[in-house]
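Residue numbers (this note's numbering), protein chains in the order written: chain A, 275 to 548; chain B, 275 to 548; chain C, 275 to 548; chain D, 275 to 548.
In short, the hints are calculated from the structure, not lab data.
Here the structure is a predicted model, which is why all the values come from computation and not from measurement.
Errors might be hidden in some of the hints.
For identical chains, the list gives no copy identity; a pair is met inside one copy or between any two copies.
[What the hints assert, rightly or not] Below are the DSS-like pairs computed for lysine-lysine, each with C-alpha atoms no more than 27 Å apart in a straight line: (1) K286 <-> K393; (2) K367 <-> K533; (3) K465 <-> K533; (4) K432 <-> K533; (5) K367 <-> K465; (6) K393 <-> K533; (7) K393 <-> K432; (8) K286 <-> K533.
Protein chains: 4
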Amino acid sequence: MTTDALSDSPLKIGSHTLTSRLLVGTGRYDTMEQMRDSLDASGTECVTVAVRRERLYDRTGQNILDFIDSDRYILLPNTAGCYTTADAVRAAKLGREILRTLGNPGSDWVKLEVLGDSKTLLPDPVETVAACEQLAADGFSVLCYTSDCPVTAQRLKKVGAAAVMPAGSPIGSGAGILNPANLQIILEYLKEDDEDYPVIIDAGVGTASDVSVAMELGADGVLLNTAIAHAREPVRMAHAMRMAVDAGRHAALAGRIPKRLYGTASSPQEGVIS
Amino acid sequence: MTTDALSDSPLKIGSHTLTSRLLVGTGRYDTMEQMRDSLDASGTECVTVAVRRERLYDRTGQNILDFIDSDRYILLPNTAGCYTTADAVRAAKLGREILRTLGNPGSDWVKLEVLGDSKTLLPDPVETVAACEQLAADGFSVLCYTSDCPVTAQRLKKVGAAAVMPAGSPIGSGAGILNPANLQIILEYLKEDDEDYPVIIDAGVGTASDVSVAMELGADGVLLNTAIAHAREPVRMAHAMRMAVDAGRHAALAGRIPKRLYGTASSPQEGVIS
Amino acid sequence: MTTDALSDSPLKIGSHTLTSRLLVGTGRYDTMEQMRDSLDASGTECVTVAVRRERLYDRTGQNILDFIDSDRYILLPNTAGCYTTADAVRAAKLGREILRTLGNPGSDWVKLEVLGDSKTLLPDPVETVAACEQLAADGFSVLCYTSDCPVTAQRLKKVGAAAVMPAGSPIGSGAGILNPANLQIILEYLKEDDEDYPVIIDAGVGTASDVSVAMELGADGVLLNTAIAHAREPVRMAHAMRMAVDAGRHAALAGRIPKRLYGTASSPQEGVIS
Amino acid sequence: MTTDALSDSPLKIGSHTLTSRLLVGTGRYDTMEQMRDSLDASGTECVTVAVRRERLYDRTGQNILDFIDSDRYILLPNTAGCYTTADAVRAAKLGREILRTLGNPGSDWVKLEVLGDSKTLLPDPVETVAACEQLAADGFSVLCYTSDCPVTAQRLKKVGAAAVMPAGSPIGSGAGILNPANLQIILEYLKEDDEDYPVIIDAGVGTASDVSVAMELGADGVLLNTAIAHAREPVRMAHAMRMAVDAGRHAALAGRIPKRLYGTASSPQEGVIS
Chain A
275 MTTDALSDSP LKIGSHTLTS RLLVGTGRYD TMEQMRDSLD ASGTECVTVA VRRERLYDRT
335 GQNILDFIDS DRYILLPNTA GCYTTADAVR AAKLGREILR TLGNPGSDWV KLEVLGDSKT
395 LLPDPVETVA ACEQLAADGF SVLCYTSDCP VTAQRLKKVG AAAVMPAGSP IGSGAGILNP
455 ANLQIILEYL KEDDEDYPVI IDAGVGTASD VSVAMELGAD GVLLNTAIAH AREPVRMAHA
515 MRMAVDAGRH AALAGRIPKR LYGTASSPQE GVIS
Chain B
275 MTTDALSDSP LKIGSHTLTS RLLVGTGRYD TMEQMRDSLD ASGTECVTVA VRRERLYDRT
335 GQNILDFIDS DRYILLPNTA GCYTTADAVR AAKLGREILR TLGNPGSDWV KLEVLGDSKT
395 LLPDPVETVA ACEQLAADGF SVLCYTSDCP VTAQRLKKVG AAAVMPAGSP IGSGAGILNP
455 ANLQIILEYL KEDDEDYPVI IDAGVGTASD VSVAMELGAD GVLLNTAIAH AREPVRMAHA
515 MRMAVDAGRH AALAGRIPKR LYGTASSPQE GVIS
Chain C
275 MTTDALSDSP LKIGSHTLTS RLLVGTGRYD TMEQMRDSLD ASGTECVTVA VRRERLYDRT
335 GQNILDFIDS DRYILLPNTA GCYTTADAVR AAKLGREILR TLGNPGSDWV KLEVLGDSKT
395 LLPDPVETVA ACEQLAADGF SVLCYTSDCP VTAQRLKKVG AAAVMPAGSP IGSGAGILNP
455 ANLQIILEYL KEDDEDYPVI IDAGVGTASD VSVAMELGAD GVLLNTAIAH AREPVRMAHA
515 MRMAVDAGRH AALAGRIPKR LYGTASSPQE GVIS
Chain D
275 MTTDALSDSP LKIGSHTLTS RLLVGTGRYD TMEQMRDSLD ASGTECVTVA VRRERLYDRT
335 GQNILDFIDS DRYILLPNTA GCYTTADAVR AAKLGREILR TLGNPGSDWV KLEVLGDSKT
395 LLPDPVETVA ACEQLAADGF SVLCYTSDCP VTAQRLKKVG AAAVMPAGSP IGSGAGILNP
455 ANLQIILEYL KEDDEDYPVI IDAGVGTASD VSVAMELGAD GVLLNTAIAH AREPVRMAHA
515 MRMAVDAGRH AALAGRIPKR LYGTASSPQE GVIS
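Starting from the given sequences, assemble the full structure and let the hints guide the process.
Listed below in structure tokens is the structure:
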């Protein structure tokens with residue numbers, strides 16, 4: 275019975291099926307070994323990498339791909355560091371080529387980021403919509419990073435995004451979910467005609483409860499990086515995030531009690547002491 | 275290495291040692307079977323029961339203790355439904371007698387609740403302090419339910435409470451942690467000269483993220499009941515709470531990143547597309 | 275001295291100078307008389323009107339402009355109800371023509387709204403940027419309604435908006451300022467090279483404290499409508515909003531004390547009772 | 275009509291009637307002159323003073339009472355700096371004697387503070403209840419400073435407090451209203467059988483919007499000190515607070531619109547562009 279109660283469907287995005295609803299980045303770790311152990315502790319099946327030739331190598335000349343077991347993890351190439359439609363489209367195509375060469379199944383999808391400026395790293399809605407449309411037309415499964423603007427989210431779905439990934443707050447800010455109301459509207463909009471359409475909260479997570487909050491709102495998954503990589507103990511935080519995505523997912527499915535100004539007794543109150 | 279990274283010390287309260295930091299109530303379930311399965315899914319080792327003779331039986335005549343495996347769970351008798359010092363002290367002593375008769379190890383401790391009124395079920399600080407002092411003097415390990423008032427919390431420790439258990443919000447409200455600042459002050463006060471002094475958030479939890487937030491603040495554990503018992507799927511919510519207490523605990527130990535207005539790139543930004 | 279202490283500069287937008295920093299809408303009132311009295315109580319000098327021929331008349335055939343004293347109030351025509359760049363540009367030009375015919379000084383500016391959908395009335399960033407650019411090129415002073423997205427706000431300033439007007443929350447929601455962090459970033463962005471560049475919070479205000487919060491963040495003004503028009507007592511709420519904009523403005527200028535977990539005594543603590 | 279719409283009843287506490295609902299402290303100003311000008315700008319009619327002989331004089335030997343026009347302001351003596359029932363009762367009686375000698379009408383009331391510790395300056399519920407009971411029995415109109423604990427607030431009313439004054443947050447913290455839910459319950463409790471029973475938010479205010487929020491919750495007034503005295507421009511902040519209490523009061527009386535996830539159009543949406 276317990277088994278039934280806890281059944282869950284996997285997350286499907288494009289041609290990929292994920293059991294873990296936590297997607298993690300690979301940047302900002304002190305060492306490749308720390309990254310590898312953190313990925314392991316996170317329970318993720320999908321890691322995102324800035325797939326450009328020069329970025330696959332760290333300063334000591336090690337290739338990041340040597341530390342990511344391709345039998346265990348699906349690579350999700352991303353367009354980090356792109357500020358225009360043209361740049362993002364080019365980065366996506368180069369990533370696809372490199373992964374095809376490697377025979378990696380991640381070559382058919384991309385995490386699209388088109389940033390508005392280098393200081394806040396907030397996404398640019400106009401360029402993002404244009405790039406998403408081009409990449410979708412070119413056959414990519416586009417997982418599209420965006421702000422929490424519901425109208426932009428809706429446009430991205432309309433131009434062909436395989437998944438919409440609104441930010442909880444700015445990349446690396448650790449501020450968590452700043453505007454749950456906007457995320458609620460996005461979920462309402464995008465799932466209106468297809469409740470399985472994937473919405474993944476990407477960016478801004480600071481700690482475990484932020485992940486649970488995102489999942490409790492009804493998100494299908496969470497993508498994060500800095501919150502693990504820059505924690506004092508990355509491996510332990512990766513474990514915490516793994517637990518948090520599971521906690522939030524099942525809390526959402528379980529149907530929480532309503533919030534009230536005050537409640538009612540949890541132990542029977544009518545008894546007389548014997 | 276992963277094993278080391280995730281090591282944790284158990285929670286010690288009086289003579290009892292708990293590995294799970296989730297304590298759960300036994301009231302408000304539809305059936306005894308549902309309660310039993312939820313306790314199982316929660317991973318708890320400590321369940322609190324209103325130990326009065328007439329309360330041990332439900333309307334169909336079943337004894338709640340028949341559904342709580344005493345080899346697996348430590349019983350924590352409570353004084354639910356008491357509104358005066360005298361009533362609470364009497365209930366605690368009767369509970370002790372009953373558990374002694376049963377040879378149950380829970381006979382040496384008590385969860386003390388002295389409520390201010392039957393509508394909001396908020397604790398009465400004056401009566402609570404008086405009852406705590408009497409019970410501690412009588413040899414009880416008192417786990418003392420209280421409001422989030424830091425001065426009352428400090429008084430309770432001073433009169434001998436084995437653990438202080440501030441409410442996140444009113445019992446059964448599902449409102450979560452309404453005043454994290456007060457809990458921070460309580461933790462600062464009570465752990466000043468003894469970082470292991472147990473502070474457990476008791477009451478008000480609505481969903482998994484509330485539990486994580488409590489643990490991330492530095493609480494040693496969480497006690498809850500309605501959030502599981504009245505969820506649409508209690509067993510699934512019990513599982514979510516189990517994950518959440520673990521997520522929050524490890525997030526607290528892992529050392530989260532600071533919150534900022536905006537952050538910095540998680541992927542290296544300096545690269546040029548090859 | 276008091277007079278000096280409370281000095282303030284007026285708000286300049288395009289060719290217009292406003293002493294009151296509260297801008298109000300004219301829709302949704304029960305009667306024209308109620309609207310007129312509410313405008314009076316609000317202390318505003320600038321009222322926004324959907325200037326289309328058919329909208330200037332209510333169901334009883336009264337013309338809204340007969341209830342707005344043009345010697346006292348500057349009219350700010352708006353493009354409410356437009357969903358595309360083309361529609362918004364056309365509405366703006368028609369408004370300009372009508373006001374020119376009337377000899378009204380409001381003919382040189384426009385409040386631009388281009389909405390994403392009719393259910394949430396959220397602004398469409400792509401269409402809004404395009405319309406703003408066209409109208410600014412056509413000589414309009416464009417006061418541009420937008421979401422709280424900092425990148426879009428920056429784009430709007432770049433394409434020539436005379437003022438950027440981010441929403442606190444969806445039109446008519448009464449939800450207040452949902453994401454103060456985004457507004458802080460917008461203010462930082464847009465005032466970086468010109469601290470007088472006008473940023474006005476438009477939409478979402480529910481009650482007086484929302485207005486004060488907006489001004490305390492550093493906004494130059496607030497535009498609202500439903501919060502007054504649909505209050506139980508619109509005239510009284512208009513007065514409250516007038517006070518609130520003043521309270522928030524002076525609080526911002528006065529330099530508030532920092533927030534702390536706990537503070538320090540406000541009365542001297544060292545005294546001994548005599 | 276405007277006049278009628280904005281009518282308000284005065285605030286009655288014991289034998290005193292106040293038109294301004296802002297009560298202010300007199301501590302922590304740089305100079306007596308700054309204090310005097312700030313009191314003037316705040317519009318208050320009631321100022322609270324730690325009436326002990328040695329405290330009435332500042333380091334330059336000036337008497338604070340020479341800077342408070344007793345024809346304009348009602349003095350409210352307070353027991354600041356007391357940590358026990360006995361101390362607080364003694365301070366109240368000494369204050370009464372001094373004010374009687376001066377023929378000051380403030381001699382029949384007292385602001386009671388009994389603090390729990392000198393670091394956080396949080397009130398001690400047990401000592402406060404005891405002191406309030408003694409002073410009320412001795413004929414004082416007791417305005418009683420307390421935490422936001424609803425049960426303590428109820429007890430204070432029961433033992434005879436003329437007004438209950440819950441803290442929004444710790445004295446001098448500037449943290450504002452940390453737990454609006456508790457204040458709502460206090461207001462519900464204390465006004466159940468007498469809607470005019472005065473509840474005044476005392477302590478924690480940081481800026482103007484905090485005052486408005488307190489009044490919008492239904493408080494009858496706000497007492498503050500540090501937020502004005504330690505602002506960069508105290509006189510300007512005093513003005514802001516005067517506006518804020520008025521804004522919040524009228525917003526509460528005006529009946530705000532409900533909060534919604536998204537609202538409805540404020541301009542008519544059905545129109546066709548003519």
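At most 27 Å between C-alpha atoms: does K393 with K533 qualify within a copy, between copies, both, or neither? between (38 Å within a copy, 16 Å between copies)
What label fits K393 with K432 when the C-alpha limit is 27 Å: within, between, both, or neither? between (29 Å within a copy, 17 Å between copies)
My question is about K465 and K533: at a cut-off of 27 Å on alpha-carbon distance, are they close within one copy, between copies, both, or neither? The answer is both: 24 Å in one copy and 23 Å across copies each meet 27 Å.
Could you figure out if K286 and K533 sit no more than 27 Å apart (CA to CA) within one copy, between two copies, both or neither? neither (32 Å within a copy, 32 Å between copies)
Within, between, both or neither, where K367 and K465 count as close if Cα-Cα is 27 Å or less: neither (29 Å within a copy, 38 Å between copies)
Treating 27 Å as the Cα threshold, decide for K367 and K533: within, between, both or neither. neither (48 Å within a copy, 35 Å between copies)
At most 27 Å between alpha carbons: which applies to K432 and K533, within, between, both or neither? Answer is neither: 35 Å inside a copy and 30 Å across each miss the 27 Å cutoff.
First find the shortest C-alpha distance between K286 and K393 inside one copy, then the shortest across copies, and answer within, between, both or neither for a cut-off of 27 Å. Neither way: K286 and K393 sit 33 Å apart in one copy and 29 Å across, limit 27 Å.
Of the numbered hints listed earlier, those contradicted by the structure are 1, 2, 4, 5, 8.
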